[in-house]
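Chemist: For reference, the chains in residue letters:
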Amino acid sequence: MITLILPAVFIGLLFHGIHRKVIARIQGRPGPPIWQEILHTLKFSFKQTWIPKTASMPMYVFIVAVSIAIWTGAFYIVFSGGSLLLLFAVFMLHKITEHGLGLSSGSPYGKFGAIRSVMSAASEIPLFATIAGIYVVTGSLMISDITKYQEIHGPLLIHAFPIAIALYIVILSKMHYGPFSIIEAKEIVSGNRTEHFGVWRAGLEVAYALKTFVLLAAFVLLFIGALPWYLMLLAMLILLVSLSFVCAFTPMLSPFDAVAMQTVITGILAVYIIILGVMG
Amino acid sequence: MFNLPIEGEELFVLEFGDIVNYFSLYTTTLFLFATAFIIIAIIARPERQTDIIFGTDAVYTKEVSPDNLRFQRFMAIACGLATLGAVCSGDLFNFCLFTALIGITNIGIVAGVNNRYVLNAAYNYGIVAMVATTFLFGGAATALGSCGTLSIWELAGLGMVPLAAKMFLVLGVMGEGMAPFYIAKAEITRAPGAPYVLMIHVSSLLIFLRVIEIILTV
Chain Z
1 MITLILPAVF IGLLFHGIHR KVIARIQGRP GPPIWQEILH TLKFSFKQTW
51 IPKTASMPMY VFIVAVSIAI WTGAFYIVFS GGSLLLLFAV FMLHKITEHG
101 LGLSSGSPYG KFGAIRSVMS AASEIPLFAT IAGIYVVTGS LMISDITKYQ
151 EIHGPLLIHA FPIAIALYIV ILSKMHYGPF SIIEAKEIVS GNRTEHFGVW
201 RAGLEVAYAL KTFVLLAAFV LLFIGALPWY LMLLAMLILL VSLSFVCAFT
251 PMLSPFDAVA MQTVITGILA VYIIILGVMG
Chain F
1 MFNLPIEGEE LFVLEFGDIV NYFSLYTTTL FLFATAFIII AIIARPERQT
51 DIIFGTDAVY TKEVSPDNLR FQRFMAIACG LATLGAVCSG DLFNFCLFTA
101 LIGITNIGIV AGVNNRYVLN AAYNYGIVAM VATTFLFGGA ATALGSCGTL
151 SIWELAGLGM VPLAAKMFLV LGVMGEGMAP FYIAKAEITR APGAPYVLMI
201 HVSSLLIFLR VIEIILTV
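Chains as they are written, first to last, in this note's numbering: chain Z, 1 to 280; chain F, 1 to 218.
Treat the hints with care, as some may be off.
To be verified - Ranges between beta-carbon positions, derived for each pair: (1) 271(Z) - 154(F): 29 to 37 angstroms; (2) 254(Z) - 32(F): 32 to 40 angstroms; (3) 162(F) - 187(Z): 42 to 50 angstroms; (4) 119(F) - 263(Z): 29 to 37 angstroms; (5) 167(F) - 151(Z): 34 to 42 angstroms; (6) 153(F) - 80(Z): 25 to 33 angstroms; (7) 246(Z) - 68(F): 43 to 51 angstroms; (8) 144(Z) - 159(F): 41 to 49 angstroms; (9) 256(Z) - 130(F): 24 to 32 angstroms; (10) 144(Z) - 167(F): 29 to 37 angstroms.
Stated by the list, open to error - Mimicking DSS-like on lysine-lysine, the simulated pairs with C-alpha atoms at most 27 angstroms apart in a straight line are: (11) 53(Z) - 95(Z); (12) 186(Z) - 95(Z); (13) 95(Z) - 166(F); (14) 62(F) - 53(Z); (15) 95(Z) - 174(Z); (16) 21(Z) - 148(Z); (17) 43(Z) - 174(Z); (18) 43(Z) - 21(Z); (19) 53(Z) - 186(Z); (20) 95(Z) - 62(F); (21) 186(Z) - 43(Z); (22) 166(F) - 186(Z).
Honestly, the hints are just simulated from the structure, not real lab data.
We treat Cβ as the ideally placed atom computed from N, Cα and C, and that holds for glycine.
Isolated chain F, as found in the complex:
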């Protein structure tokens, strides 16, 4: 792709006017992986998490109410679709836009659990994601200011994008894909996980993989 020995050959190009998405061997792999998990989010029923009643030998299973299930499923599908957009985007602005959307939907997935500790965590993640948006779009703005374009097609192989812009992009993605924050806190043990919570990790890892490809390419 782009005659660079980085991500394998070009497979397909999808044009929307001046927005030109591309599918290399690398981005297609990411795209297919995200698609598989969207299908799973649509058809899978949630796990019934087993938990121990503190101080006793008793265990119980947590049930997800139909309302919560519908909301979390919607958010997981939206998150998956945003991930699809981010992994095949051919310009930095669209990548940032889809990544920000992933952050928003991730917060939605967490906030869909009716538990005040989990909701508190969702609020914290919201702050992290908002701060990360500044870095994300700051990175894109710096790239635009120094290169005059955000098209990866134009920027590929030139090495014109400043290191600071690349670092901002990586920081932004780390904040928006908040899997590490979610794991570092204990809320994941309170919230039933599969398949909706898993979508947070799928999207986080996929945008991280995509941003690595982007910073190596531009």
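Isolated chain Z, as found in the complex:
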């Protein structure tokens, strides 16, 4: 499993590059080459690195390590068929690392990014709806059980489509340049990552690449089922391109609109899950 981490990081970074390229082409720009994010990460790895005088040490550094650690753990959970509840926990803990990144630097821009990060905790609610819905349908929260269920009953994407939409929105809320990416809005510079540069930024790029890889893989496993690795990558790529289309066509929402929209989506899903539970 450890040996798969490096390829996953590489593919995650490549996905980020493809994401930027697709958005650029839709918007009529040439866009960066698709390997740009890999080059970025390498560049940041060798740039001069220092720590702001205002930072809370060692938390400023520790939070980067935590970010990498939790997504490495999430990678293990998804590919070992572990508990979906644990994946949910990782997703929530990621919120703490986002928040910690912004708080630890002492920068007002970082702090505003951190505040927006907690406000956008509403993006976790559709994930909870996903988990509840999957539990109602399959009777299990173990990813291995859910893939087995799909081998017998067919993909959940077809007979639990609204739940798939919920997870799709969760992944969309974590994509760069998306309608819900309020923590990285340009009016607050780079948001919670403003003061993390050099090797710290490279570490964050690695963590976020793993995050993208894990979330896309989780979607494919949960709603399409277990596939050979090349089909899995293809399905993840198609999913990513569809997300890029949404990001390219949708303006960034204001923080309150982002929260309101995610809450409404969750409400609709809650009604669907209740109906699903009552109908048996």
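Given the coordinates of chain Z, assemble chain F onto it according to the supplied hints.
Modeler: Below, chain F alone, put in the same frame as chain Z:
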């Protein structure tokens, strides 16, 4: 754990007489995360928050006085320890007790900032936390009244705990873990945050994650 396909396998059981705490893969992850942040609260120095002097181009950094630092650090560590108790507790009463303690220490962390707006916010949070305590222990009492026990070991997989009790527990946790309230108000921009304020969010999220596991299990 409990032969339920919810939270992964059982790793360790810690008995204190009839109080039996448990560590599944899920709760151990939460426990380790809380432990890491307690260590950080002990060893980290606070951020020196940069702020802009209103109406000018000037910026200044806020310093945390040694007295405030000691108090906030103590409260953050206490909050972390209460979180450890809440995430590994094997019965609903202890879970509620530790969650209430998290609410109290969270108020302490906020109240440790010498600023009248922040203190006012701490007072408001105190009211929210007190109201939430009613729901929290009301949920536990309802579960006890209908099932005759509060042990998660006994209740796991039976589905005997009424939906109302589960809803009360969730409402109680939402009130005690008051991160959303703290963020919804502007005081966080006035109070230097890391690492002590972050402990509020760590504890809030961890007890929220724990209560989800509990309501799915019982």
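Chemist: Evaluate each hint against the coordinates.
Modeler: Comparing the hints with the structure gives:
no., hint, result
1, 271(Z) - 154(F): 29 to 37 angstroms, "holds, 33 angstroms"
2, 254(Z) - 32(F): 32 to 40 angstroms, "holds, 37 angstroms"
3, 162(F) - 187(Z): 42 to 50 angstroms, "holds, 48 angstroms"
4, 119(F) - 263(Z): 29 to 37 angstroms, "holds, 31 angstroms"
5, 167(F) - 151(Z): 34 to 42 angstroms, "holds, 36 angstroms"
6, 153(F) - 80(Z): 25 to 33 angstroms, "holds, 27 angstroms"
7, 246(Z) - 68(F): 43 to 51 angstroms, "holds, 46 angstroms"
8, 144(Z) - 159(F): 41 to 49 angstroms, "violated, 23 angstroms"
9, 256(Z) - 130(F): 24 to 32 angstroms, "holds, 28 angstroms"
10, 144(Z) - 167(F): 29 to 37 angstroms, "holds, 31 angstroms"
11, 53(Z) - 95(Z), "holds, 25 angstroms"
12, 186(Z) - 95(Z), "holds, 20 angstroms"
13, 95(Z) - 166(F), "holds, 25 angstroms"
14, 62(F) - 53(Z), "holds, 12 angstroms"
15, 95(Z) - 174(Z), "holds, 11 angstroms"
16, 21(Z) - 148(Z), "violated, 36 angstroms"
17, 43(Z) - 174(Z), "holds, 24 angstroms"
18, 43(Z) - 21(Z), "holds, 19 angstroms"
19, 53(Z) - 186(Z), "holds, 24 angstroms"
20, 95(Z) - 62(F), "holds, 25 angstroms"
21, 186(Z) - 43(Z), "holds, 22 angstroms"
22, 166(F) - 186(Z), "violated, 42 angstroms"
In terms of the numbered hints stated before, the structure departs from hints 8, 16 and 22, listed from lowest to highest.
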